[in-house]
Every structure is written in C-alpha cells, then in structure tokens.
Amino acid sequence: MHVAIAFDRIVPAHGYGGMERIAWWLGKALARLGHAVTLVVPPGSRSDFARVAAYDQARPIVDQIPRDVDLVHDFLLRTDYPVPAVTTLHGNTAPGTVLPRNTVFISHNQALRHGGTVVVHNGIDPEEYGPVDWAAPRSKLLFLAKASWRVKNVQGAIRIAHGAGRRLVVAGGHRISLNMGFRVTLDPRVRFLGMVGGEDKHRLLNRSAALLFPVRWHEPFGIAILESLYFGLPVFGTTYGSLPELITPEVGTLANSESALVEAVKGLERFDGRRCHEYVLETFSADLMALRYLELYRRVLDGEALHDEAPVATDAASTDLLPIDA
Numbered sequence: 426m427h428v429a430i431a432f433d434r435i436v437p438a439h440g441y442g443g444m445e446r447i448a449w450w451l452g453k454a455l456a457r458l459g460h461a462v463t464l465v466v467p468p469g470s471r472s473d474f475a476r477v478a479a480y481d482q483a484r485p486i487v488d489q490i491p492r493d494v495d496l497v498h499d500f501l502l503r504t505d506y507p508v509p510a511v512t513t514l515h516g517n518t519a520p521g522t523v524l525p526r527n528t529v530f531i532s533h534n535q536a537l538r539h540g541g542t543v544v545v546h547n548g549i550d551p552e553e554y555g556p557v558d559w560a561a562p563r564s565k566l567l568f569l570a571k572a573s574w575r576v577k578n579v580q581g582a583i584r585i586a587h588g589a590g591r592r593l594v595v596a597g598g599h600r601i602s603l604n605m606g607f608r609v610t611l612d613p614r615v616r617f618l619g620m621v622g623g624e625d626k627h628r629l630l631n632r633s634a635a636l637l638f639p640v641r642w643h644e645p646f647g648i649a650i651l652e653s654l655y656f657g658l659p660v661f662g663t664t665y666g667s668l669p670e671l672i673t674p675e676v677g678t679l680a681n682s683e684s685a686l687v688e689a690v691k692g693l694e695r696f697d698g699r700r701c702h703e704y705v706l707e708t709f710s711a712d713l714m715a716l717r718y719l720e721l722y723r724r725v726l727d728g729e730a731l732h733d734e735a736p737v738a739t740d741a742a743s744t745d746l747l748p749i750d751a
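Per the working numbering, the sequence shown starts with residue 426, numbered consecutively.
Hints are computed from structural coordinates only; laboratory data are not their basis.
Predicted model only: the values in this text are computed from it and were never measured.
For glycine and all other residues, C-beta sits at the position ideal for the given N, C-alpha and C.
Do not take every clue at face value.
Pair by pair, the computed Cβ-Cβ distance ranges are [as the list claims (entries may be wrong)]: (1) Gly443 x Arg616: 40 to 48 Å; (2) Pro468 x Arg616: 18 to 26 Å; (3) Trp559 x Glu688: 24 to 32 Å; (4) Glu624 x Pro491: 46 to 54 Å; (5) Pro507 x Pro562: 52 to 60 Å; (6) Gly443 x Pro468: 31 to 39 Å; (7) Pro613 x Ala735: 46 to 54 Å; (8) Ser564 x Ala751: 19 to 27 Å; (9) Asp493 x Asp473: 26 to 34 Å; (10) Glu624 x Gly692: 38 to 46 Å; (11) Pro468 x Arg724: 32 to 40 Å; (12) Pro507 x Pro556: 41 to 49 Å; (13) Asp750 x Arg471: 46 to 54 Å.
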C-alpha cells in the first residue's frame with residue numbers, strides 16, 4: 426500500500442512537537458511494515474524512510490497529492506483529496522464542528538465528545554528514546570506540559586509536590602509567566618526549565634521519579650504520559666479526558682483530589698518502573714498504532730465509511746477549569 430501523510434508542520438519535529446511526532450512515527454512504522462510512504466509536508470521537512478512532497482497552503486490540496494498513492498492519511502481536517510482518505514483528529518474542536526466521515530479519534534473520551542466511535546490510540550517509537558538508565562538517581566517529580574495553559578494545572582502540581590515533600594521540575598514553563606494571566610512562582614523547591622525537547626528531555630525523564638499530570642480539562646490524549654511511562658515513571662493525574670484509558674492502577678494513580686494524589690505520591694515506591702516501561706511497549710507502540718490504522722485503511726479502500734454519518738462535536742472540552750478537590 427502507498428500512503429500519503431498530509432500535515433501542515435515541518436517534520437521531523439524540532440523541540441517537542443507532539444502532533445508532528447505522531448505523524449512521523451506513523452509514517453516510519455508503516456515503512457517498517459513494508460508500505461510505501463509519502464509525506465506531504467511544508468518545505469524544510471526531510472525523511473530517510475519516505476518520499477517528501479512539499480505542501481503549499483496557498484495551493485489546492487487536491488493538486489498536491491502524488492497520483493501514485495492509494496490513500497491519504499489526513500492531519501489537516503480536509504476532504505478534497507483525489508483518493509480515499511482517513512483523518513486523525515488530534516485536539517478538541519468547537520461544539521457543532523462537522524468532521525469528515527472517516528475521522529479517527531485518539532481516545533474514546535475524545536470520540537464520545539465529538540460524536541464518533543472509531544478510535545486508534547497514539548503510539549510512541551521506542552527507537553527515538555533509546556535505553557532507560559535504571560541506575561540513575563530519581564527523587565524529583567516532573568511536570569511536563571505547557572505551564573502557561575491553566576488547564577494543565579501547574580499550580581496544582583506544585584501543591585501536590587509540596588504536600589508529598591518532593592521537589593518538582595517544571596519542563597514547559599518559566600517561573601514568571603505573563604501568558605494567559607500573570608503568574609509568579611517563588612517556591613525554591615520548584616525548578617523551571619522552560620521548553621525541553623530532544624536528548625535534554627530524555628535525560629530529564631531518566632532522572633525523574635514520577636510524572637504529575639493533574640489536568641483540569643478533557644485531555645485528548647497526552648503523549649507526555651507515554652514518554653514518562655517508557656522511562657519508568659508512574660503517573661499521578663486526574664480522571665479527565667483520556668487519562669483513564671492510558672493509566673491503570675499498575676502504573677499510576679488517578680484522582681480528582683489533591684490530597685488523594687499527595688498520599689499516592691508519598692507511596693510512589695510501590696510502583697515498578699520496569700513494569701511501567703513494559704506496559705507502554707505492550708500497549709502504546711508506534712507499530713501497534715500503524716497496524717490498527719492499516720485495518721482502517723483497508724476498510725476505506727474497500728469503499729466503507731468509518732462512520733455512517735459525519736461526526737459532529739457535542740461537548741468538545743472548553744478551557745473552563747474542571748473541578749479538583751483540595
């Protein structure tokens with residue numbers, strides 16, 4: 426099969442780039458499985474496993490898809506392709522948004538809120554991360570998200586870390602933030618690193634004890650969760666969005682109460698880091714993701730629509746803060 430992946434961001438990702446990395450890992454996994462891949466992506470992109478065709482937003486997409494492909498995997502929410510297409514929705518949309526009939530959602534929670542039923546969980550490529558340093562000292566907790574976004578709840582993570590008597594490293598923000606409201610964090614037990622990507626992030630994950638992920642919105646997925654588990658970090662978060670689909674009691678604790686999460690973090694030594702690592706490889710690998718998409722590709726190429734009617738977003742997760750008890 427020859428699959429074109431259409432995306433409007435440069436690949437491979439520079440820095441974090443969660444959506445870019447999923448598109449990249451999917452293409453790489455498809456190539457490993459013996460399929461031809463063309464990346465229709467902006468100039469500046471490169472690949473050693475796929476043909477690269479430059480994507481120009483000013484031109485009709487129908488004119489930019491190579492004529493030798495069998496199917497387009499769309500990350501642009503477009504439908505005007507010259508061949509059958511499958512769309513992946515990575516974020517949340519506004520209520521009332523009409524999505525393509527062949528839309529695939531990245532969690533069951535996201536699908537439910539967008540009026541859909543077809544789900545493929547994201548998967549990570551272990552080759553990108555390398556071996557885990559099991560001998561590295563691990564004592565600090567980690568917050569890995571955009572701290573300026575209130576729904577990510579860095580303040581809650583700080584309170585949880587303080588209550589558990591642990592230091593916290595914030596990767597994804599600064600001590601003083603003027604973005605989305607003024608915030609200043611004076612607590613010296615909290616270290617802010619700004620945005621962290623690549624090998625710097627891998628080293629940080631290799632030296633962290635656990636991930637705090639107390640989000641206050643319906644998280645569509647959460648790649649940081651999979652990354653943390655890969656490096657042996659149990660995850661402590663809320664029950665919102667996709668988190669119950671990703672975190673089992675074996676690899677973390679979910680609660681909508683800061684005090685409950687504090688108590689869980691105090692006992693984090695009961696979690697087996699190697700089991701966290703194995704769990705991700707068994708459940709959320711890029712190869713598994715690609716195999717699940719291949720099943721959907723074949724259905725679409727056989728003339729089937731993935732949804733009988735176009736999914737329409739119902740409650741698509743606003744930025745209003747969902748509740749967390751003290």
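Against the structure, the hints come out as follows:
1. Range check, glycine 443 to arginine 616: Cβ separation about 23 Å, and the 40 to 48 Å hint is violated.
2. In this structure the hint that proline 468 and arginine 616 lie 18 to 26 Å apart at CB is violated, the actual value being about 37 Å.
3. The hinted window of 24 to 32 Å between tryptophan 559 and glutamate 688 holds, with their beta carbons roughly 26 Å apart.
4. Checked against the hint of 46 to 54 Å, the C-beta distance between glutamate 624 and proline 491 comes to roughly 34 Å, which is inconsistent with it.
5. A C-beta distance of roughly 55 Å is found between proline 507 and proline 562, which places it inside the suggested range of 52 to 60 Å.
6. Separation of glycine 443 from proline 468 is about 22 Å and departs from the stated range, judged on CB atoms against 31 to 39 Å.
7. One distance hint, 46 to 54 Å for the beta-carbon pair proline 613 and alanine 735, holds here, with the actual separation near 53 Å.
8. About 26 Å separates the C-beta atoms of serine 564 and alanine 751, a value consistent with the hinted range of 19 to 27 Å.
9. In this structure the supplied range 26 to 34 Å is violated for aspartate 493 paired with aspartate 473, their Cβ-Cβ distance being about 20 Å.
10. Taking the beta carbon of each, glutamate 624 and glycine 692 are about 31 Å apart, not inside 38 to 46 Å as hinted.
11. For proline 468 and arginine 724, the Cβ-Cβ distance of about 33 Å falls inside the hinted range of 32 to 40 Å, so the restraint holds.
12. Against the hinted window of 41 to 49 Å, the Cβ-Cβ separation of proline 507 and proline 556 comes to about 44 Å, which satisfies the hint.
13. The supplied range of 46 to 54 Å is met by aspartate 750 and arginine 471, whose beta-carbon atoms lie about 48 Å from each other.
When held up to the earlier numbered hints, the structure conflicts with 1, 2, 4, 6, 9, 10 and fits the remainder.
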